[in-house]
Amino acid sequence: PLDLGNYELRMQASMTYMGWPRSEASLATFPIPQVFLDEVDLWPVPRKDTMDAVDLSKARTTTFPHTSKVLGVTTCTVEDALGWENLCKCQEVRVYMTRCPLCGQLQIMRREQLKWDEDLEAEPDRVEAENLAWYECEHCQEPWGEVERRRAVQAGAYRPHGWDGKAQWWEPRPAIRRAIKVGFHFSSFHSPFVTLGKIAAQVIKAQSDPRADVTLFNKMLALPYRNEQATRSEDVILQLCDERPPGLVPADAIVLIACVDVQRAGFYLTIRAWAAGPERESWLVRAAYFDSWAALGKALFQDQYLDPQGQPCVISFGLVDSGDGEMQREIFDWCQVHPPYMPSKGFEGLKAQPFTQKKIDTHAGLLAFNINTNYYKNDLLDGKLRISPGDAGAWHLHSNWPDGKPPDNPKATGLLTDYARQLCAESKNELGLWKNPRGRANHYLDCEILQLVCADYLGLRYMGRDQDPEQQASTGLDDDSQPLTRSHSRW
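Numbers -9 to 481, taken from the numbering used here, label the letters of the sequence shown in order.
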């Protein structure tokens, strides 16, 4: 009988228990010899302090070391999803290859070999309804119809491959003797229920519709989707450089802001000069890494940043990322004795407010910023970085070379090469969230996100370039607000 209260199916010779990935208790209750995991890629991302649902499910088979089996089945989504990660972690991944009925060669079927008449580009529904597509063998270039494709699939075989994340395709690998963790991969090309015309129609639609492109990759090709339009080139970032040397503050700036990303091994810092107005134009003054609080303090409180007249400018405000919490108390202590700086913490997801503030009970008078990182990453990566350097609201960078002139060696590393690389670390997935699937360094990106938060907090977009004292008071900044060139004495 089916016990709905306990999610159990009791049969004469066996028991079936049902669980769900959001409940750790349902996955950690009974020892089980066979585990079936369905649609793993759609399971929620686990917290950092817990095991993921796949590992919890596997742990149920510990009591049966010689007879246990774990089978996971999923539709692909993205590269960093649970299902695809576990597939790539298998000792051997066997990809299904079809055998051409005409030349006898094995091959992985791919969309580039799918053909249709060019006159039908505007009629994908007709291509699907009348099945007006064919497949071209990559070895002998002979066309396959539906009959030839089914013969090719029936004569095919699984062969070991490995996923190349850079090339986004499979590479042949040697077979592993007596592998105990094996993954299998096959696509709609091998299904008798999906015609070549249906796949071709989806390819045509994907050329103009991003959602259709996601469906093509995930449902048809069984591959992780990567939004290529969301990726940026380091060269594009470096095109935002002007001729200013590091440390020079432009004349149009009214405030200097510093933001710090804290890591266990050191600190990443960006200092930007901001202009008033709704365009929120800004200039990078310094981007640097330090390995100690003392070195960071020297850059913030002792080093000078000069305007075009040679007057020193003062950093008026800043945020310090509290990271994963390991150094949180140390960061709170530092911020409390350095009033221009406040701690911050980023949160993923589609939240209602760009940022909120809360009091810290252990540190009187100190406020912490909780930041919707996705909101500000959209602002920077999909907004600011797309503005040309000569247009209003541009995201300016200082010169990439110490003397302002590029060297003869094209492979030479500039001052901002690492900065540009880190701003290209993340891309947007099909859910509209910015992710770092390859785990690349993105610390300067975090600093620049904090810069946008500071600009919003100070209300720079609502200030006029030539504001008089009465207008300044209306913005909420009192008469004791520190101008750009005043000293640190009041701290």
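Rather than coming from a laboratory, the hints here were simulated on the basis of the structure.
Owing to the predicted nature of the structure, the values given are computational and were not obtained by experimental measurement.
Hints may contain errors.
To be verified - Label pairs and their computed distance ranges (CB to CB):
(1) R201 / T6: 47 to 55 Å
(2) N368 / T6: 42 to 50 Å
(3) K156 / K349: 25 to 33 Å
(4) V226 / P133: 24 to 32 Å
(5) G237 / G429: 43 to 51 Å
(6) F54 / A112: 53 to 61 Å
(7) I170 / N426: 45 to 53 Å
(8) P133 / S223: 22 to 30 Å
(9) K349 / S4: 51 to 59 Å
(10) N426 / Y452: 58 to 66 Å
(11) W159 / D381: 57 to 65 Å
By construction, the Cβ of each residue, glycine as well, lies at the ideal position given by its N, Cα and C atoms.
Is 24 to 32 Å respected by the C-beta to C-beta distance linking V226 and P133? 41 Å, violated
Please check whether P133 and S223 have a Cβ separation lying inside 22 to 30 Å. Once the Cβ atoms are compared, 38 Å apart, the range 22 to 30 Å for S223 and P133 is violated.
Between N368 and T6, is the Cβ distance one that fits in 42 to 50 Å? 45 Å, holds
Could you check the hint for me, namely that F54 and A112 are 53 to 61 Å apart, CB to CB? For A112 against F54, whose Cβ atoms are near 57 Å apart, the range 53 to 61 Å holds.
Can you tell me whether the CB distance of R201 to T6 sits inside 47 to 55 Å? 36 Å, violated
Do the Cβ positions of K349 and S4 conform to the proposed distance bound of 51 to 59 Å? For S4 against K349, whose Cβ atoms are near 56 Å apart, the range 51 to 59 Å holds.
Between W159 and D381, does the C-beta distance stay in 57 to 65 Å? 39 Å, violated
Just to be sure I understand the hint, the distance between the Cβ atoms of I170 and N426 should be within 45 to 53 Å; is that true here? 31 Å, violated
If you check the beta carbons of G237 and G429, does the distance land in 43 to 51 Å? Between G237 and G429, where Cβ atoms are some 32 Å apart, the hint is violated.
Is the distance from the Cβ of K156 to the Cβ of K349 consistent with 25 to 33 Å? 47 Å, violated
Tell me if the beta carbons of N426 and Y452 are separated by a distance inside 58 to 66 Å. About 33 Å separates the Cβ atoms of N426 and Y452, which means 58 to 66 Å is violated.
The structure shown violates the earlier hints numbered 1, 3, 4, 5, 7, 8, 10, 11.
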